[in-house]
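J.: The lines below spell out each chain.
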Amino acid sequence: MVEVILEKLTKVFGKNTVAVDNVNLHIKDKEFLVLLGPSGCGKTTTLRCIAGLETPTSGSIYIGDRLVNDVSEKDRDVAMVFQTFALWPHMKVKDNITFPLKMHKVPKEEIKKKLNETAKLLEMSHLLDRVPGQLSGGEAQRVALGRAIIRDPKVFLLDEPLANLDAKLRVHMRVEIRKLQEKLGVTTVCVTHDQVEAMAMADRIAVMHQGKIGQLGTASDLYDQPQDLFVAGFIGSPPMNFIDCTYEEEKKALISEAFSLEIPKNLAIEIKEHATSSEVILGVRPQDIALHEKQTPNSISTEVYAMEPLGSEAIVDLRLGDIIIKAVAPPTYRTRPGDTTWIIFNMDRIHVLDKKTEKAIV
Amino acid sequence: MNFYDALNFLRPPIYRAFMNSIIVTGSYTVLLLLGSSLTAYALAKYRFRGGRLVFWIIISTMMLPGVITLVPSVMLMFWFGWLDTYWPLIIPGAVNAYTVFLLRQYMITVPDEVLDAARLYGCSEFGLFWRIMLPLCKPALAAIGLINFVWSWNDFLWPLIIISDQNKFTMQLALMGLWDIHGSLSQLNLVSACTVYATLPLIIFSIITSKHLIKGFTGLTYTKR
Chain F
111 MVEVILEKLT KVFGKNTVAV DNVNLHIKDK EFLVLLGPSG CGKTTTLRCI AGLETPTSGS
171 IYIGDRLVND VSEKDRDVAM VFQTFALWPH MKVKDNITFP LKMHKVPKEE IKKKLNETAK
231 LLEMSHLLDR VPGQLSGGEA QRVALGRAII RDPKVFLLDE PLANLDAKLR VHMRVEIRKL
291 QEKLGVTTVC VTHDQVEAMA MADRIAVMHQ GKIGQLGTAS DLYDQPQDLF VAGFIGSPPM
351 NFIDCTYEEE KKALISEAFS LEIPKNLAIE IKEHATSSEV ILGVRPQDIA LHEKQTPNSI
411 STEVYAMEPL GSEAIVDLRL GDIIIKAVAP PTYRTRPGDT TWIIFNMDRI HVLDKKTEKA
471 IV
Chain R
75 MNFYDALNFL RPPIYRAFMN SIIVTGSYTV LLLLGSSLTA YALAKYRFRG GRLVFWIIIS
135 TMMLPGVITL VPSVMLMFWF GWLDTYWPLI IPGAVNAYTV FLLRQYMITV PDEVLDAARL
195 YGCSEFGLFW RIMLPLCKPA LAAIGLINFV WSWNDFLWPL IIISDQNKFT MQLALMGLWD
255 IHGSLSQLNL VSACTVYATL PLIIFSIITS KHLIKGFTGL TYTKR
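From first to last, the protein sequence lines are chains F and R. Heads up, the first sequence is in my numbering, so the first residue is 111 and it goes up one at a time. Heads up, the second sequence is in my numbering, so the first residue is 75 and it goes up one at a time.
Because the hints were derived from the structure by calculation, they are not lab data. Treat the hints with care, as some may be off.
[What the hints assert, rightly or not] The following label-pair restraints were derived from C-beta to C-beta distances: (1) F:Val241 to R:Asn263: 46 to 54 Å; (2) F:Gln320 to R:Lys212: 39 to 47 Å; (3) F:Gly150 to R:Gly125: 22 to 30 Å; (4) F:Ser235 to R:Phe77: 50 to 58 Å.
Quick reminder that beta carbons are idealized off the backbone N, C-alpha and C, glycines included.
Chain F extracted, bound-state conformation:
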């Protein structure tokens, strides 16, 4: 059982640059947890604190049952794959991979055995005598993974492992990494800023923002029930549309500049009970907007602003009052800028957020 527990973890650089702010996180045994967030949100610093490469300003880090705050990085039994892979260019691939074993004075025969096992597992036996300069991006990453797993670490840390790969290889490698993690059964913490990557690989995702964990949950939790404005806007591609509205109690409707939207009774009750004022934000995912060429009951009139045919789908930018919203249409959908289009929101999947607190109401 190797769990990783962060208790009130805080890391301050200099006098007042708070990189990680009072983070509490419980990573379960054999779990693949992804720390997701934009650049500078503190996710890599959190990972480096777990690795022991940064000293926390306050808080505790447990790996297994052991408090590791004062344990040096090399004694924590963690392995890390760095964003740039951090292979040593002057050493051959086999020397790069076996370096952790040599440092721990493992007998030569065992090193040889482990090297062969690892090379076989990652299908890189033919690369062992090359130097990192002779490897492609994907091969270099496999070497970095090999170096990380050869010592059977308790915890596996991945810092943007796919960032330096091209788009095609990235899709392939995220599956490979997930399969490898399942095969090895190692508790894994991965850092990424790419939400698609996170959702594809993770058991659970912790969304970080300004040093704090905004929300922790499975990919579908985050997508379907975002708890605040940041998570709602960060998860999903294209991002969720936000429309400032006023809730009118008598009409049981959300009123914006461009429309008046009647809402179901249960939704109205939730807003009445939880909103701090009548000012709310309506959140609608582009996938939850249906486009119609003709006016239908409850439809809202919009003007087509731009169209992006992506092959598998088309993204239509629509002018709604003063703002532009995005809608996802089938690939066969045809329209031109300036056309009038009627839209209907899928009321079962709309989100309502409190404008003041930026927290989700519904």
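Following the hints, put chain R in place on chain F, whose structure we already have.
T.: Chain R only, in chain F's frame:
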């Protein structure tokens, strides 16, 4: 034949002066590279209080012309009791401001992740320097080593002041004997042979380090691949 005659033409014999120079220049270069790279590594990769100040103090020593420090240096060597020994030709050069500066600039370009990875996998702090940083600096070390090897090999004034025993003469001091008692170079065949001996090590050293030299001179930055 000229090369054979040239061997015993000077006092001390040229092979003796050659060995003296090899000892002095070789020790100087090795010590300089080791001392300077250790200093540069600390300045490039460790954050410690006063680190920048130490760096600027080291750099500011470059502003002093060598001639100004000549007399105090000789007095210092006298106090140490090192006159007429090789120590003054080797020890004072062990850390050189210019070399420290060049190596520091090179080491800064080596990503921290490369060292962090080794640290995480169990490498000691000295191991990081010895196993990771030093091999990565080979091009810079080769370029800087050659410059300093040539400089030390060709140095004349400092050994002239320090060394008085003829048997301890370095190559450049021994070459003084090429002038005859009338102050002219009378036996040009032997003079030529002796100067070939004097330049030979520089050529050999350049060939040995040539692989890294171009890399070292054209751009003192670390390349990942």
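J.: Each hint needs a verdict: does it hold in this structure or not?
T.: Verification of the supplied hints:
Between F:Val241 and R:Asn263 the beta carbon distance is about 50 Å. The supplied range of 46 to 54 Å therefore holds. Between F:Gln320 and R:Lys212 the CB atoms are about 43 Å apart, so this pair conforms to the stated range of 39 to 47 Å. For F:Gly150 paired with R:Gly125, a C-beta distance near 26 Å keeps the hint of 22 to 30 Å intact. One distance hint, 50 to 58 Å for the beta-carbon pair F:Ser235 and R:Phe77, holds here, with the actual separation near 55 Å.
Comparing the model with each earlier hint shows no violations; every hint is respected.
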